[in-house]
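> Heads up: the protein sequence lines correspond to chains A and B, in order.
Positions 1 to 298 (our numbering) are the ones given, in order, by the first sequence.
Positions 1 to 298 (our numbering) are the ones given, in order, by the second sequence.
Where hints are given, some of them may not hold.
Treat identical chains as interchangeable: a pair holds within one or across any two.
[Said to hold, decoys possible] Derived DSBU-like pairs: lysine-lysine, alpha-carbon spacing no greater than 35 Å straight-line:
| hint | residue 1 | residue 2 |
| --- | --- | --- |
| 1 | Lys289 | Lys255 |
| 2 | Lys182 | Lys255 |
| 3 | Lys92 | Lys211 |
| 4 | Lys62 | Lys182 |
| 5 | Lys255 | Lys62 |
| 6 | Lys92 | Lys182 |
| 7 | Lys182 | Lys211 |
| 8 | Lys92 | Lys255 |
| 9 | Lys296 | Lys92 |
| 10 | Lys288 | Lys121 |
| 11 | Lys288 | Lys246 |
Rather than coming from a laboratory, the hints here were simulated on the basis of the structure.
2 protein chains.
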Amino acid sequence: MPPLAGEDTPHRYTLGFPAKTKPMTYCVAIKLNAGLVFLSDSRTNAGLDQISTFRKMIVYEKPDDRFMVLLSAGNLSISQSVREILQIERLKDHPEDEGTTIWNATSMFDAARVLGSAIRKVQERDGAALKSAGVDFNVSLIFGGQIQGEGMRLFQVYSAGNFIEATPETPYFQVGESKYGKPVLDRVITPTTPLDEAAKCALVSMDSTLKSNLSVGLPLDMVVYEANTFQTDRVVCIDENNPYFKMLHNSWGQKLREVFDSIEDPAWDGGQTEVPLLVPSMRSLPLKKISTPEEKLI
Amino acid sequence: MPPLAGEDTPHRYTLGFPAKTKPMTYCVAIKLNAGLVFLSDSRTNAGLDQISTFRKMIVYEKPDDRFMVLLSAGNLSISQSVREILQIERLKDHPEDEGTTIWNATSMFDAARVLGSAIRKVQERDGAALKSAGVDFNVSLIFGGQIQGEGMRLFQVYSAGNFIEATPETPYFQVGESKYGKPVLDRVITPTTPLDEAAKCALVSMDSTLKSNLSVGLPLDMVVYEANTFQTDRVVCIDENNPYFKMLHNSWGQKLREVFDSIEDPAWDGGQTEVPLLVPSMRSLPLKKISTPEEKLI
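Starting from the given sequences, assemble the full structure and let the hints guide the process.
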């Protein structure tokens, strides 16, 4: 399938074979007792030969009233349309309602419903034409923030407009290429993690992803929000010259290698070690070796 | 789609949505100047509710003549059939040939061709029926070793029977769930890495994968082969009680956390730091905040 205009899904070829569509871009958001952390990359591609920069984060801020951030992955034409419609979307439970918007919603749950409704509008408008062009209606969003009168909330919103909410057990969401950056989040993040430590963790997670997936690229947008402030000035765009990110990238790589070297190699020869490798398994027999064509495998 | 008998492809459901078929199992093989390292897990599943143990490694050893190892991922019914047929497969370039087998091939390249031919036999036999049941002909193999008269060679073999060979620039192959375990291989492995250090690296790579993907599970089979020996006794089955693997798992997790803690947090408040985070990007403007419904996004 050739790349399609406006689609940021790569059509990857593995070394020997064309592969199925793969994840692209990377966004992560974390909900802590102390606040929220949002981080996104800015790479969009329609194949390896067509790479551009589009920022995936948008901040909605009405000081003293509401603070919300939207992160997006998936088809860029869909996510841009969703953002445009979200600005004016009115969700009416009854025809005579004035309608709920992201600007008058009294809870983040209702604001997330407005976002779901905006996605469904785009689906109604473009879904059939995309389908007939062989393009999935593919968009993944993270939407979080705080509205005066309730606590912070964080949602992952799917392309059908349904959504799930972060909890203390699962305090973060990722969209796009999530695998490379997930282990460090699982090791570090709990609801009591301090804000700046969580920001560092998000950046390590992004750094691992940047190293391994060409569909993720600089610059990064990061926003850190402190609970109950309804505004933030911790907003930064991080490019390849950012001193902190450069330090983090270099230190992490070098220290990982030092950790690896500090662990002893396995000893096969029965040498002196507290932790032998070559011990029998409790339940499994040693692997059988096949040495003639006649031998049975099992 | 319900799980299908003999298929070790999970049909994963994400938190909110059914997802496409995902990688399962994990095998890795590394070619060094000093020898070869092979490592495989043993989990096979047809959905989360149907998990079994099948070992993915098979060793062919004819001392002083040839040493070969085959690792497999993908549909278990296909990989078991391929292994069975590989034992007796004769590849004939001319009808009157005696035929090349893995036991008389004079090069690993020819042995890999025999393996490709065995895959094609299974495809001919089962491909149409699998397709009509909606099952992809999905098998991924790693095949490596040494035959008297040439150096060691390592191949990744695809489900069409074609294959690629490892080189000094790319001295390892992975099949199955490759992402979690790839970063450490990229950081550590070069052709001059010592054998036991490479074995340690393969185990760290496996440990990261086990932690993150339920479709990968213990016990592990590991084989280390020293160049030009045409046999090995470094064969081990590693279960949850293996002293070395337990030490490696605990040390890696604990030391990663220490590395994370040793890197300074980002400083937003302009405090004293050599590496400030909040510096302007050279090319990108700070992210715009949207504060009214009327505001334009771009």
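> Against each hint, give a clear statement of whether it holds in the structure.
A quick look at each hint next to the structure:
When the C-alpha separation of Lys289 and Lys255 is checked against a cutoff of 35 Å, the pair qualifies neither within a copy, at 40 Å, nor between copies, at 37 Å. Taking the closest pair of Cα atoms, Lys182 and Lys255 come within 35 Å of each other both inside a single copy (19 Å) and across two copies (17 Å). Neither within a single protomer nor between protomers do Lys92 and Lys211 lie at most 35 Å apart by alpha-carbon distance, with minima of 45 Å and 45 Å respectively. For the homomeric pair Lys62 and Lys182, the shortest alpha-carbon distance inside one copy (32 Å) is at most 35 Å, but the shortest distance between copies (43 Å) is not.
Proximity of Lys255 and Lys62 under a CA criterion of 35 Å is satisfied in neither setting, with 42 Å inside one chain copy and 43 Å between copies. In the homo-oligomer, the alpha carbons of Lys92 and Lys182 never lie at most 35 Å apart, since the shortest distance is 38 Å inside one protomer and 49 Å across protomers. For a Cα distance limit of 35 Å, the shortest separation of Lys182 from Lys211 qualifies both inside one copy, at 14 Å, and across copies, at 11 Å. Taking identical chains as interchangeable, the C-alpha atoms of Lys92 and Lys255 are never at most 35 Å apart, the minima being 54 Å within one chain and 53 Å between chains.
When the C-alpha separation of Lys296 and Lys92 is checked against a cutoff of 35 Å, the pair qualifies only between copies, where the shortest distance is 24 Å, while the shortest distance within a copy is 69 Å. Only between protomers do Lys288 and Lys121 lie at most 35 Å apart by alpha-carbon distance; the minimum there is 25 Å, versus 60 Å within a single protomer. Taking the closest pair of Cα atoms, Lys288 and Lys246 come within 35 Å of each other only across two copies (24 Å); inside a single copy the shortest separation is 49 Å, beyond that limit.
Comparing the model with each numbered hint stated earlier shows that hints 1, 3, 5, 6, 8 do not hold.
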